[in-house]
Amino acid sequence: MKAGLKKVLIANRGEIALRVNRACHELDIPTVAIFSEADRESLHVKRADEAFCVGPGPSARSYLNVPNIISAALISGADAIHPGYGFLAENARFAEICRDHGIAFIGPSPDAIRAMGDKATAKRIMVEAKVPVTPGTDIVESVEEARAFAKRAGYPVLIKATAGGGGKGMRAVHAGQELEQALSSASSEALAAFGDGRVYLEKLIERPRHIEVQVLADTHGEVLILGERDCSVQKPSHQKLIEEAPGPRLGAEFRRALYDVARDAVKAVKYVNAGTLEFLADGDAFYFMEMNTRIQVEHPVTEAIFDIDLVKEQLRVAAGERLSYRQSDLRACGHAIEVRVNAEDPANNFAPAAGTLKTVQLPGGPGIRVDTHLYEGASVPPYYDSMLAKIIAHGRDRDEAIARMVRALRETVVDGVKTTVPFCIEVLTDPEFAAGGVDIGYLPRLLARESRLEAAAVS
Amino acid sequence: MKAGLKKVLIANRGEIALRVNRACHELDIPTVAIFSEADRESLHVKRADEAFCVGPGPSARSYLNVPNIISAALISGADAIHPGYGFLAENARFAEICRDHGIAFIGPSPDAIRAMGDKATAKRIMVEAKVPVTPGTDIVESVEEARAFAKRAGYPVLIKATAGGGGKGMRAVHAGQELEQALSSASSEALAAFGDGRVYLEKLIERPRHIEVQVLADTHGEVLILGERDCSVQKPSHQKLIEEAPGPRLGAEFRRALYDVARDAVKAVKYVNAGTLEFLADGDAFYFMEMNTRIQVEHPVTEAIFDIDLVKEQLRVAAGERLSYRQSDLRACGHAIEVRVNAEDPANNFAPAAGTLKTVQLPGGPGIRVDTHLYEGASVPPYYDSMLAKIIAHGRDRDEAIARMVRALRETVVDGVKTTVPFCIEVLTDPEFAAGGVDIGYLPRLLARESRLEAAAVS
Amino acid sequence: MQNDERESDVRGEIERLVRPLLQTFDEGDLVRLAVDEEEFALEVVRRNRPRAVTTGSEGMTGIAAADLAGGAPQAPERPMELVTSDVVGVFRGSRPAVVIGERVAASRELGYVEALGIRNPVRAGRGGAIAAIMVEEGEPVEYGQPLFGFEGGE
Amino acid sequence: MQNDERESDVRGEIERLVRPLLQTFDEGDLVRLAVDEEEFALEVVRRNRPRAVTTGSEGMTGIAAADLAGGAPQAPERPMELVTSDVVGVFRGSRPAVVIGERVAASRELGYVEALGIRNPVRAGRGGAIAAIMVEEGEPVEYGQPLFGFEGGE
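Chains as they are written, first to last, in this note's numbering: chain A, 252 to 710; chain B, 252 to 710; chain C, 214 to 367; chain D, 214 to 367.
Worth flagging that the hints you see were computed from the coordinates, not collected in a lab.
Any given hint could be a false lead.
[What the hints assert, rightly or not] Taking beta-carbon pairs under 10 Å as the criterion, some of the chain D residues facing chain A (in silico): (1) 313; (2) 353; (3) 357; (4) 358.
[To be verified] Just so you have them, the derived chain C footprint on chain B, three or more residues with Cβ under 8 Å: (5) 299-305; (6) 320-332.
Remember, it's a predicted structure, so these values are computed and weren't measured experimentally.
The C-beta atom is built at its ideal place from N, Cα and C for all residues, glycine as well.
Taking the hints into account, I'd like the entire structure generated from these sequences.
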């Protein structure tokens, strides 16, 4: 069972640091934690075999402090670094630095990270691999070029920044007369946010679902397609809140086409290790959106239905070993849902909160998995992501998974900060969600409906 | 999904009360808790929809207080009672009283409980059904009768009380000259303990494994055989400590014979609802020991490998519905292990402890299920069973399940009372356990070896 | 400098601890008190009172403020004697119904709790003046639930 | 009677709380203090100190006993000025090595922390008399780890 790694430094914090620590320990690999001064009492520090403080609270000086992290790896004798998600996980330069110091970066090659990190490059590669992408342009050099595309594809269209993310430099254009103004404001915004004002256009799909495919590939040419996840329940900021696998109401033919495309994409990028291909689904059609070259927050729903440990496979692949499954060994079983318990106030635009946790009671029982760094008395520092815990419910079918999740959320007690738990119960018991197959506009519409109801109640 | 029950009273406490509460809530059935004055702050009280105090701390006056429990059911409008395990779960009279008050007893018929509760009757029924039983006698009326059997079967033989349990009235006899004295002392002990001094003899199997079969039957004649569990890791008191499914190192032929016999046994007893047939396995042979006519502590290992919710099925069967699976739907997947976290000191003959829990950190992550009524600040009253929590690890194979369990136990923090956690880590990392297939003498031998080592270290 | 800060931290902690503590003892029922420290832990748990009492009459909240600075605690109010239910069932009052302030003899049957068709009489304990009626006609009652309060009989 | 018992419970709880609390402040570092009650909760958390300090010299443990009865706290000892590491690396001392009690100038290089082949000098901060040497030759050090202590320079 033991992977060929001698010691793994985990360059992350919170639940994902614990997740990696668990996989290492189950494979008998010693671990090294890094932490900021704000995380001295964190569970990920206590559970690791060694731990190094790498800087003060703010991420830029600790969890992104590459020299201190590499130095900690060298001093402790770690021969591999797992970046988790966020922080340095999709930093091609960091992956190169690891390589230059003889440390295995547990993830894809720097080249793959770099290629997929630039949206225009990623799209070009996918087009070459015959992966369907949203009809769109290259970088637009002029208003005329943009207008010609919009005419051809039909309004509405979407302006996007090539260096973009998080909705910055993005504009929906519903008619020709808005186009010029939108192009110029999107470009300035992109320039301000990323130092790169280049934009391109895409056909706007108005009610898409977010469907993503989990892939896993080793250095021996084996590629596993681990089904899809539906992550359409997103906050207005496009951050995922509830994810599930398999995607509800998808036909067998849709799936077959999706998996074939995913396999082609992985081969086109010569991708190695775990990754996720994100698609927008529009009825029977789907379009490549981007590839995340790391393990994702929502990976446990895939683990639940395939009964596989993705992080262990990541470690094996990084050690140059073969994946421990072949595609034919894998069979999805039942349905899984993940809810993100965030220290946020949904009634106040999901404003994040920090504080100390007074009472922590986590759910348990059949079909419930909890991944968290929470404990009673733990503090939630203001510097980092607001996610406190992930709850994963697995059932024989979607109805059972939902029923389990609802009862698990009702069992969950986190006092000291506001959380997304009550709001997620609302979503899970909403008939539209229960029917399955909502689009990414569902949650914003639900929120708008609620504030209208509240406003009506007040007046 | 909704079972036809309107409201369920849960006549138990601790983790099993929560387990039943979870199944009911997932099926949208309201619940009624009962509790003793010592359990006022217990989680099973907080999680139920209604709760009635039925008596003071000692079980005899609360959890066994039949009039108060039935009255609570009638007042609250509960149409069914789930007895959990222990307390009233195998009390045929209680099942009758429920029936007489128009309340469904969630378990088998009073007749089945009564027949299986008397060991001699149970054995007779099984012999008639051609279920292999340990070679033995009926009630022995004379020393001569006993001697004749011992001669025929060969020494060693075992004297057992017909009303027995917990080792009371039990004697191993290794040679003819010990027989008369052993018979007389076993009989007096049984008379003192159970008010019934009748004893019988059995061939003593010296290194048996404890293999049990989970069964589930509905009122429509469907019988499911849900594989076996190996519960050979038992304390010197014969209480189970670690259970697993499937049983390691059992051949396909052994399993086929075992399941066929289990099906015959269920049909012979016209058994309905969940039950467990316990066998002693001796090489390729196995012998019926007893049938437990209730859900068992270790049912989650079966749930893990078959991906089934046994308690929900119990509720469905009690409502007169059909089981939601057929035998052909069921396929065991991977390996599961359960560890009982007890408030006991293994170094001091597993002496139980009571107290208040200062720190409680439960394990999580992939493949880990926790069933517990623990929370930080909860008190452990002295009146009841010392089990605090069950941890269940599921892996793709036995090695992964063991590795998961070890890392989960290392994550577990329960401060305030001594627990079985460190000792269970020792067992799980012991090469003999890791090899699989230990007999019921394994744990006592391990303990003896340790005290010898300690004694040697001191001298 | 660091020590000065800690010194005032310590004093602040104690002040912040003790003030609300006193108020709380005055206002409610302290259930648990825990101090959690690396090499030290303290836990104080109050004996449970029957649940229904917390919704009972004001006579039950006579917990005096304890004076940490060394002053004597105020004398507590005279406690009520409680008559509680021994069974789970439905309460039925006797006719004529008793009223608050009425003096009754020890043997007086104040009502009964009906459980499984059996009437379990509720008697007036040691008797005295009725200070509180804590149960309504036809109300389901649980084991240990206070039904009537009597003025302190001591 | 019930109230009398509760009254003495309350006093007992406070006594049992406060006594060990005082001792603890004297002996160790209070990390967290929590009161957990149905309608009230109090939590006091001490700001973290660098981990290595708890194993440092005695000069660091000058936490005075706080006097709950109102008396003035003892004056704290003079705190040490700490020189900590800004990087993760391996410590190497300068030659000749400094010794405890030695007075050094602010600019004095006491050693360096080697990280990724780069020597990050460790200087004497504001200078003064060396009160503690908290790192050994060749020891791996983390961010914020105290390396040297100086007598309070204020």
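Status of each hint after checking the structure:
1. 313: Since chain A brings no Cβ nearer than about 25 Å to residue 313 (chain D), farther than 10 Å, the hint is violated.
2. 353: holds, 4 Å
3. 357: Since chain A brings a Cβ to about 5 Å from residue 357 (chain D), closer than 10 Å, the hint holds.
4. 358: holds, 7 Å
5. 299-305: holds (count 3)
6. 320-332: That given contact holds, which follows from 7 residues of the region 320-332 of chain B lying within Cβ reach (below 8 Å) of chain C.
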